[in-house]
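**Q** Residues per chain, in single letters:
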Amino acid sequence: MNNSKTFHNTWSLQQLPVTLQLLGNEWRFLLCCDGRTNIGQIQERLDLSPAEGELIVKHLSSIGLLTETSLSLEDFARSTVDRAQPGNGTQTFQEYLATAEPPLNSSSHPLPKEKAVPAFSPLQKPSQSMSLQAVIQFILNHNNSDPTAGHFATYQVFMGIGTPLLKRNGITSLRFQDDRIISDPELQNAIIESLEKVLKVKCTPEMLAAAGAAKN
Amino acid sequence: MAPEIPPPVLKEAYLRFDSAAFLDFTSVVFISGAYSGCLYISTSRGLLEALLSEHHEPEINDQTRLDMCRELSNVLAGNASRAFGADWTISVPKSLTAGDTGSLPLPPSTFVMPFLWKDMESYLVIGLTGNAKA
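Line by line, the protein sequences give chains A and B. No gaps in the numbering here: position 170 of the first sequence is 159 in the working numbering, and each next residue is one more. Position in the second sequence counted from 1, then plus 2, gives you the working numbering.
Heads up, some of the hints might be wrong.
[Said to hold, decoys possible] Okay, derived cross-link-like pairs now, BS3-like style, lysine-lysine, Cα gap no bigger than 30 Å in a straight line:
hint, chain 1, residue 1, chain 2, residue 2
1, B, Lys13, A, Lys156
2, A, Lys186, B, Lys13
3, A, Lys191, A, Lys156
4, A, Lys156, A, Lys186
5, A, Lys(-6), A, Lys47
6, B, Lys120, B, Lys13
I should point out that these hints are in silico values taken from the structure, not numbers from a laboratory.
Next comes chain B alone, as it looks inside the complex (with noise of 0.2 Å):
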């Protein structure tokens, strides 16, 4: 019998005025409606990994953390679309890696949500701006 995955751990949620998190890895959605702004998760290169692992992916390297890093924008994409709603935009996800992650318009105040799976952290970060609708 195989063992069972642990499920994720939410911790302490947090506001973050100054620059964002971000780890090794970055899956994006841009949402407009009463607000405009982003949603990501960013998680290291060892959680993609094990992510990796976890579905029997032979071959762990660049290529494949950014699948694995896809498929979590997918995801994101789809519960993004399920929460907020037909008043909002979604935008279609975006992959990134740490380099890339200077040139994401991010509002200034972000929500952080740090996550931790088989000890390893990650973020869920929601970056909103209030805009004329609010």
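For reference, chain A alone in the conformation it holds in the complex (with noise of 0.2 Å):
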């Protein structure tokens, strides 16, 4: 496999699905693909054999859990930083990339160990989940006597939300009968942002929040 390849996670770690199993190892691989960091790199840093780590790539690809990463070529010069060998001379742009290409024996700059490993955490569980249809009848009730104020309070919640994040995360309309789950922690607090503001109520999200939050 080419190590110079860059991999980034496919999903936040919040939607990796709790039950899901790896072995250690390729949990640490895992959280070591940041988009930035080199397949070469990360088998340096967690001392993995080529073999081992294109067993944990083909796997973790396999599976869903991770992307290849296209670079810029700024990206891909940001990436050999901790290869390139500090020098006294000046040098250009093509000089330093020929240093900082991995070497063809792995073992022969070691990195300390210490340095990057990420410290492994388990998973934790995602936070709770949010129902649009509650928080659209949260709006509704609160408008209780009259619906076309309530459909147009959702519309005023809606509008104080950036489009981009309603559509980053699948929405890009919303009938009042809707349901749908949100996890997107972000898209979840501009909600009750934006209801807290137009409405003029405090809501926690339990009061929003998903009739079991395994729907997602």
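From these two lone chains plus the hints, build me the complex, please.
**A** The structure is reproduced here in structure tokens:
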């Protein structure tokens, strides 16, 4: 495998199913894939042989946990920073890149192990899921006597949320009987913030929680 | 005795966060107050032709369709003035064909109220953004 390839996590840790089981080295590898550090560097950091690294990448990619990252020249240069040999002389960019190329023998420039290995921490349980229908009902109930005002208040609440954030969560339109589980904490916070601002009431995530968070 | 004209039927409203909903002809007024944005009615060519026919207009062409669209704009502006009150600034109504709507400065989130008249769908749309006064 080409050790200069870089990968990133396809899903955020919060999005991973809590039941997901991986070997210890696979978890460590997954946590190192930040879209900037290349495969060779990660193998070295984790003291893995190229064969072990290849096996892990194949497995993590096959189950959809890793996606190869396309790098700009600038990103590529950044990914080589901890490989570049400090020198007193000035270098052209090409010369710098040449010194930063992964060595043929990966053990020739061992990195201090404690430097880059992220501490392993078990997956956290995903934060509480929010139900879009619970959000709508909360707003409509607040305007109980006037459904039209309730609909317009719903519009005001969603008007206060950035459309890129909504679209990122697949929400391009919203009917009043729609339901959807929202697990993106950023969107959850934006909804609560906008809802409190428009309705001038205090609202907690529990009040908008999806019935049975296992839905997502 | 003339046949009774069916009333328009309001369908389920919804919110839209991507491109705005437009049909063949659009009547728009811009409003500014606690929020700023616009209200518009977007109709099909067929609906305008049916309206022209109800008004016994002998000629039906793009000019008369646009004239009918302007009539709708005036009704929209009048209703908007009454509904929003003195704290809001209501622009002079504009009438647009489908090719002109791309240049409209529209908010990213809209409240769309589709309605049916003679089985033809049109949209009454509110597009607002919050501003400093909100």
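**Q** Keeping to a limit of 30 Å between CA atoms, is the pair of Lys191(A) and Lys156(A) held or broken?
**A** holds (26 Å)
**Q** Starting from Lys186(A), check that the Cα of Lys13(B) is at most 30 Å away, please.
**A** holds (29 Å)
**Q** Do the alpha carbons of Lys(-6)(A) and Lys47(A) lie within 30 Å of each other, as the hint requires?
**A** holds (13 Å)
**Q** Would the hint linking Lys156(A) and Lys186(A) be met if the CA-CA limit is 30 Å?
**A** holds (22 Å)
**Q** With the threshold set at 30 Å, check whether the alpha-carbon distance from Lys120(B) to Lys13(B) stays at or below it.
**A** Holds, because 13 Å separates the two Cα atoms, which is no more than 30 Å.
**Q** Does Lys156(A) sit within 30 Å of Lys13(B), going by the straight-line distance between their CA atoms?
**A** Answer holds: Lys13(B) to Lys156(A) is near 25 Å, not above 30 Å.
The structure is consistent with each of the numbered hints, conforming to all of them.
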